[in-house]
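Participant: For reference, the chains in residue letters:
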Amino acid sequence: MELLSGADMIARFLQDEGVEYIYGYPGGAALHIYDALFRQDKVKHILVRHEQAATHAADGYARASGKPGVVLVTSGPGATNAVTGIATAYMDSIPMVVLCGQVMSHLIGDDAFQETDIVGVTRPIVKHSFSIRHPSEIPEVLKKAFYLAATGRPGPVVVDIPKDMTAPTERYEYVYPKKVKLRSYNPVTRGHTGQIKKAVEMMLKAKRPVFYTGGGVVTGKASEGLTDLVKQLGFPITTTLMGIGAYPQSDRQCLGWLGMHGSYESNMAMHHADLIIAIGARFDDRVTNNTSKFCPTAKIIHVDVDPSSVSKTVRADVPIVGPASSVINEMISLVQGQSIAQPEALAEWWQKIDGWRAEREGKLYEPSKPGDVLKPQEVVEALCRVTRGEAYVTTDVGQHQMFAAQYYKFDKPNRLITSGGLGTMGFGFPAAMGIKQNFPDDDVVCVTGEGSFQMMMQELSTCKQYGVGVKIVNLNNASLGMVRQWQDLNYKSRHAHSYMESLPDFHMLIEAYGFTAMTVNTLDELEPALERAFANKHELVFLDVKVDPHEHVYPMQVPLGAMRDMLLSKTERT
Amino acid sequence: MRHIISILMENEPGALSRVVGLFSQRNFNIETLNVAPTEDPSLSRLTVTTIGDDRVIEQITKHLNKLIDVVKLVDLTEGNHIERELMLVKVKALGAARDEVKRTVDIFRAQIVDVTPSLYTVQITGDASKLDAFLQAMAPVGILEVARTGVSGIARGDKVLSL
Ligand SMILES: Cc1ncc(C[n+]2csc(CCOP(=O)(O)OP(=O)(O)O)c2C)c(N)n1
Ligand SMILES: [Mg+2]
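Sequences listed follow chains A and B, in order.
Taken in order, the first sequence gives residues 1 to 574; the numbers are from this note's numbering.
Taken in order, the second sequence gives residues 575 to 737; the numbers are from this note's numbering.
Incorrect hints may appear among the rest.
[Stated by the list, open to error] Distance ranges between label pairs, derived from CB positions:
| no. | chain 1 | residue 1 | chain 2 | residue 2 | range |
| --- | --- | --- | --- | --- | --- |
| 1 | B | Thr-699 | A | Arg-171 | 50 to 56 Å |
| 2 | A | Thr-571 | B | Ser-591 | 18 to 24 Å |
| 3 | A | Leu-503 | B | Gln-599 | 56 to 62 Å |
| 4 | A | His-106 | B | Gln-599 | 38 to 44 Å |
| 5 | B | Ser-736 | A | Asp-41 | 48 to 54 Å |
| 6 | B | Gln-599 | A | Phe-113 | 25 to 31 Å |
| 7 | A | Pro-343 | B | Lys-646 | 33 to 39 Å |
| 8 | A | Ala-358 | B | Leu-590 | 57 to 63 Å |
| 9 | B | Ala-707 | A | Arg-315 | 52 to 58 Å |
Bear in mind the hints are in silico, worked out from the structure with no lab data behind them.
Glycine included, each C-beta is placed from N, C-alpha and C at the ideal position.
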């Protein structure tokens, strides 16, 4: 039997749980814990420069690795700074455990110095939260927190730890709990066999089927199964932004991604389908456009591990509650040896789809003319070539995010790391940092905009401290491009506060931290600069790429319309 | 339609606020809410009446079930059930109205539980519509104060909501 203080229990638990990195920032209420971390060397603590960055870094790591990210912050402002990152993880169902210091338990409620009811503040944006009421419960509560964060539909869990719970003078028995049980929490382990059979029968009979798969396939580690199933059936597949890479995008059956800025062929196929097989996707408003006009001829099979996602916005004809991986595997075994009832219909369907593809081929954007300012799309295409489509690509939020998702081709899951649900500017750079530390031999690049980058650029200092060699590609259009686009479309180009005046000289800024920066103005400078940037895996390089501020992201669904109602360029619409 | 949802939840600090928070967060409506411990000290029972179409009610029950603190849940309105609410009400009772109030109290099988020269305090139990009807009957006399517990309910027959 081992007697440990609450603080030492936390450090020991993290070791026993196999946590390698935690991201955090110290302060009064967390100091006992920091001292315990100091006296061990298994768990590495990364000191960020803002608590929001700690959550995004842990989140990035979680998305890339599939394991919970871990954050440690102090009470009050430390905890409130973490809120945006917790909400970001919540919206995208990312496993994360956030340990928050809290004022001494006898002071709670007194408006003590740096007291915030962080359990209350985060209640709507966590999967669950705990407050420690006695040091002896620390191991079990932490185990529950990790278990909840990572199982079922994953999500962030907050653990509030009053300072006296970690006092070095009080010691209690520590045993690492290998398992915990929560009587009210039993995530489903498989779908209803009868429903799965019914779904497969419909799939085999369908004339115009399409798979529509989301982040649930990625977090549910079901990409291989999905790829098998889709290939066996020969159906087209479109994914959500969060589901990109779960099926190889370079494969002919992949139509790209769907929704507001999804591909023309994806949205057209959805609209005309007679069967939609939705897996780990949640029919959110950025996908469906107007739900009352959504896919009028389609029957819907909806597989999701979270029952509350099924039939939330669009009614499912065949609801299946279960983890993507086990449901897909059951589907595969049912499909095996069977043949499609109407192969001619499917062939015709493919003809139609190929027709849609051909319509837009070569027309997605107008490349820059020699000597002209670059188009952001061609920068992303060049980035994809230089990194052979194999990098971890994180993004911030805005036009550059959409361009990164549209023009980088992802053949693997967990490679596009983007804040889809909350759309958090500032996410990309710290997320890249978290990934790079855990995958030091991979290329990790943050595609950002000058607006977003400035929200978290203090993390350059963290990268300097730990030698984090991420690449940053700043698609610098000197404006809040996505806002500007909406103003062009809806406010007669009245650019209210979407213009970034007095941008810093990014070159000098980056050099102030001792890193390499390059400015790119023209096409002939682009690829050589990218090649140089990626030549050394362990060096942070910032590319400030000046791009056309007038460019818009297309396709763009017409508000309140159907899936197929899209603007295709500044002058064309469906 | 009106639904009565009964929940067994962990008797933990914060559990109630998660349930109530869910309703406001997701724009669900709460008509009445009632919560108290059960015979099992680790559980409390919460009953909420809410109004919504089938889609909304389905979402409410699914989201409630997702809360880690919610152990079990039943929509009582799906089957035969008993619904009760308790109300304490102070009504003016002066002159001729004193007898009038007394008669109405008897008709509703309510009880007068406290008396002063100018008012009666009446206790009445029943389903929500009975309580509403009593209030309507008392309105002309003068209602001074109303305290209702909110609806509590239980299924009829052998069905039991327990672990
Ligand atoms: C934290 C936060 N604030 C505001 C917004 C709204 N917003 C969405 S895109 C955008 C502009 C982003 O500008 P930039 O990073 O330069 O990217 P660009 O669109 O120019 O590529 C804004 C302000 C947001 N998504 N996140
Ligand atoms: Mg910009």
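Participant: Any hints this thing doesn't respect? Which numbers, in order?
Facilitator: Result: hints 2, 3, 4, 7, 9 break, sorted rising.
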